[in-house]
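> Sequence:
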Amino acid sequence: MNKKPIVKPILQEDALIRGILAERSILFRRFKPEMESMFWGSLAERTANLINGIVIPGTIAYLILGLVSFPVVYFLSWDSFRTHELYNLAYIYGMGILCLSSLPILLKKSFSVKNFYIIIGAVSFVGVLSTAYFSLQFKTPLVAQIATYDVILVYILIYFVTGIKPKFVLLIGGVAGLLAMLVAYLQTVNYDFVWYSNEEIMRYFYYIGLINFIGFIVAHANIAKERENFLQARLLALDKAEAERMGRELERLSREDPMTGLANRRFFNERIDDEWDRAQRSGEPMSLIFIDIDHFKAYNDYYGHLKGDDTLIAVAHSLQSILSRSTDVASRYGGEEFVVLLPNTPIAGARAVAERILEGVDALKIEHKKSKTQKFVTVSIGVSTHAITDEEITVAQLINQADEAVYKAKSSGRHRIREYHLIKPETL
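For the sequence shown, position 121 (counting from the first letter as 1) is numbered 105 according to the working numbering, and the numbering increases by one without interruption.
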């Protein structure tokens, strides 16, 4: 039965993104739910950072614009409306500054994607409503025309800076604009001196409709561009993640035996040198356990190399399961030989670990008809320990001692443990 190749999630997402970028029309449509959520979350975070970065200079610029507008309105207003229109101008810029300055405080208090769009939407609605409403209070024609530019400026900000979905910003802009007209009209309908002609109302609806229509179209194109930027950034992130994964994999392969998953000899040599130096400084004992599978050549000849590999893997897993400390290292030393490095472990502790290893392999009960020792696979174990009270030796000598102890275990009948240590000399 043919198995389908396993596609890694990173490569799967990479292929999906490249397919979307190739078919550019997809950028104007929603992504799949998970990616769509990631996109709006990313856009919300970037927009929040943008707002936090420009809010102070933006508020100052808006304040300066308001201060410049005051003398313009003062000289252009008709005498009978001058005071009223200066107040309107103050209200417009006062509300604008309030909306701008409140954003960092509101966003900092509770930032989440949902809260972000609620806060931005609410502030945008208030900004459009207040600006549109007070712009309708200007009666001097030229000043009223200038006030229209303030409304356009606010619409530009909510369509191109807030990062809100186009359909929602259209709803916000449309409802706020119409509500401003409705409130202004109802407030003044019974007063002859402030009355909106049909021409003025139609002109206002035309401006609001045109601004929202253009804003909606351009916002769609802007969001499509944001989607493309998001996908490009996501591709870079995936490439980086894949490179890091491959780096970790190469690092793992460089120190791991591919068959058993234990440390390889190269990694063992590096670790024993490091632990040896540390033991020399601290005075802590260090132990080595050598393990050799008994009659393994006969096992391979009888059962075949595939079964031999399975046995090596089973012994390696048993060995690894016995070690409980992160500093202990189990390594495949070569062929059917394994070695265990036990930092800060005296001879008694090493002996206890060796006994558990012997019992663990016995518990596997792997059949071995060609063994002259038992009817199942067994191991011979040698233990060597170096303590600060010992005479000075080298790492190579410690390894040789463990190897000699294994040789003694084999020559003594196999399936047993032998120790080589200098604290209490004994005959091997």
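Honestly, the hints are just simulated from the structure, not real lab data. Some hints could be false.
As the list claims (entries may be wrong) - So the derived label-pair ranges between C-beta atoms look like this: (1) F59 / F200: 32 to 42 Å; (2) I185 / M22: 37 to 47 Å; (3) L90 / D258: 30 to 40 Å; (4) A336 / R30: 53 to 63 Å; (5) Y71 / P41: 55 to 65 Å; (6) I185 / Y75: 15 to 25 Å; (7) L90 / R232: 39 to 49 Å; (8) K98 / R66: 16 to 26 Å; (9) L126 / M22: 44 to 54 Å; (10) D258 / A208: 49 to 59 Å; (11) Y75 / A208: 33 to 43 Å.
Glycine residues also receive a C-beta, built at the ideal position from the N, C-alpha and C atoms.
> Are any of the numbered hints broken by this structure? If so, which, sorted upward?
When the structure is compared with the hints, numbers 3, 5, 8 turn out to be violated.
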